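Those protein sequence lines, which keep their order, are chains A and B.
Heads up, the first sequence is in the working numbering, so the first residue is 31 and it goes up one at a time.
Heads up, the second sequence is in the working numbering, so the first residue is 31 and it goes up one at a time.
Just so you know, these hints were derived from the structure itself, not from any lab.
Computed from a predicted model, the values in this text were never measured in an experiment.
Keep in mind that the hints are not guaranteed to be accurate.
The list makes no distinction among identical chains, and a pair is therefore deemed to hold if it is satisfied within one copy or across any two copies.
To be verified - List time: in silico BS3-like cross-link candidates among lysine-lysine, alpha-carbon distance up to 30 Å: (1) 198 to 80; (2) 53 to 159; (3) 191 to 131; (4) 131 to 159; (5) 191 to 65; (6) 198 to 67; (7) 53 to 198; (8) 54 to 191.
2 protein chains.
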Amino acid sequence: MEFPSELIEEAVREISKLPGIGKKTALRLALHLLKEKQATTEDLTEALLKLRKETQYCDTCHIISHTTDCTCRTINTDQSVICVVVDTPDMLAIRSTGQYKGTFHVLGGVISPIEGVGPEDLHIDSLIKRVQESAGEVQEVILALSATMEGDTTSFYISRKLEETGVKISTIARGIPIGGELEYADEVTLGRSIVTRTAYLSGE
Amino acid sequence: MEFPSELIEEAVREISKLPGIGKKTALRLALHLLKEKQATTEDLTEALLKLRKETQYCDTCHIISHTTDCTCRTINTDQSVICVVVDTPDMLAIRSTGQYKGTFHVLGGVISPIEGVGPEDLHIDSLIKRVQESAGEVQEVILALSATMEGDTTSFYISRKLEETGVKISTIARGIPIGGELEYADEVTLGRSIVTRTAYLSGE
């Protein structure tokens, strides 16, 4: 596509570097900013720059935080359990269920030989150290990774590493989603949901 | 959704003001920028600010241009015909077909009483003036607006205004898209394609 101005060409090139945004969407966004007040663009760019420059990560759990009081150190958080997640959105999703009050540990990715990501690129060593140094305060580690090949590999690797610490290791339940129809469930999930069946609680 | 940091909350709020981007996508984009090098964010924000601050519009045809040589004044452009479009993407789409070598005129919107857009908010007067002041050089005005109620209203209004100038007024052809199946065409389009049938050219 030939653009009427170098400015718009440059903006479209930069915007379309973002994941999931193609050239057409980038052009639409650029033209939208041109129609809005200058302050809209200024607020947006300032927020992005500030985010990139000032964001820090907690040394303990690797959650994003720009202050030194990370949620993993606050009193309301249950320090006896660590939920291991791949990245921030997973943590937010689990926290917003309201069913979990413990701490988190962000891995920053999954083991993927194809993409050249090994265990040393993830925050696994710091998880082991965290469990060891808690001197028994951490009683359970919940592995909350995706049920993909990479996720399962990573879960397996972490569980082997954690074995020597003697901490209880659990994983989030896999099964038929609530509201899901049995008929449309895939065989693997359905099979697993029978193997890992749980006691029936009335009112569930 | 509760965010782990005010910086990310602020960035998500600003990003999700863009059209078609919700909070989840905004969070994904913000986390992407955090993972990339700082230069990526700097290049993006610089391009956006530059676009918003330095973009100018041609006085004649209202196309975006940051220099004074707008395409409407270059020698290679056919000055005898003006194609009227709603906005820049429409112009780019027509230009990229390679079938049109004339000038453009960007209206900046369509007449829409519901949204409070009247003829005086669009670049209609400047179009009339442009045709009048060309002293016969402009021989044809092509109306290339969408076939919606607002587009048709705007086309009708412009055609009435242009009548007194004596310029030839045409509109882009409406009909069955090339590659389209008759069976699936809507009745209105099919009916119009019969009424406005054209001479058969072999090789078409």
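Status of the hints after comparison with the structure:
| no. | hint | in the structure |
| --- | --- | --- |
| 1 | 198 to 80 | neither (40 Å within a copy, 55 Å between copies) |
| 2 | 53 to 159 | neither (45 Å within a copy, 35 Å between copies) |
| 3 | 191 to 131 | within (25 Å within a copy, 68 Å between copies) |
| 4 | 131 to 159 | within (22 Å within a copy, 69 Å between copies) |
| 5 | 191 to 65 | between (55 Å within a copy, 27 Å between copies) |
| 6 | 198 to 67 | neither (56 Å within a copy, 38 Å between copies) |
| 7 | 53 to 198 | neither (49 Å within a copy, 36 Å between copies) |
| 8 | 54 to 191 | neither (47 Å within a copy, 33 Å between copies) |
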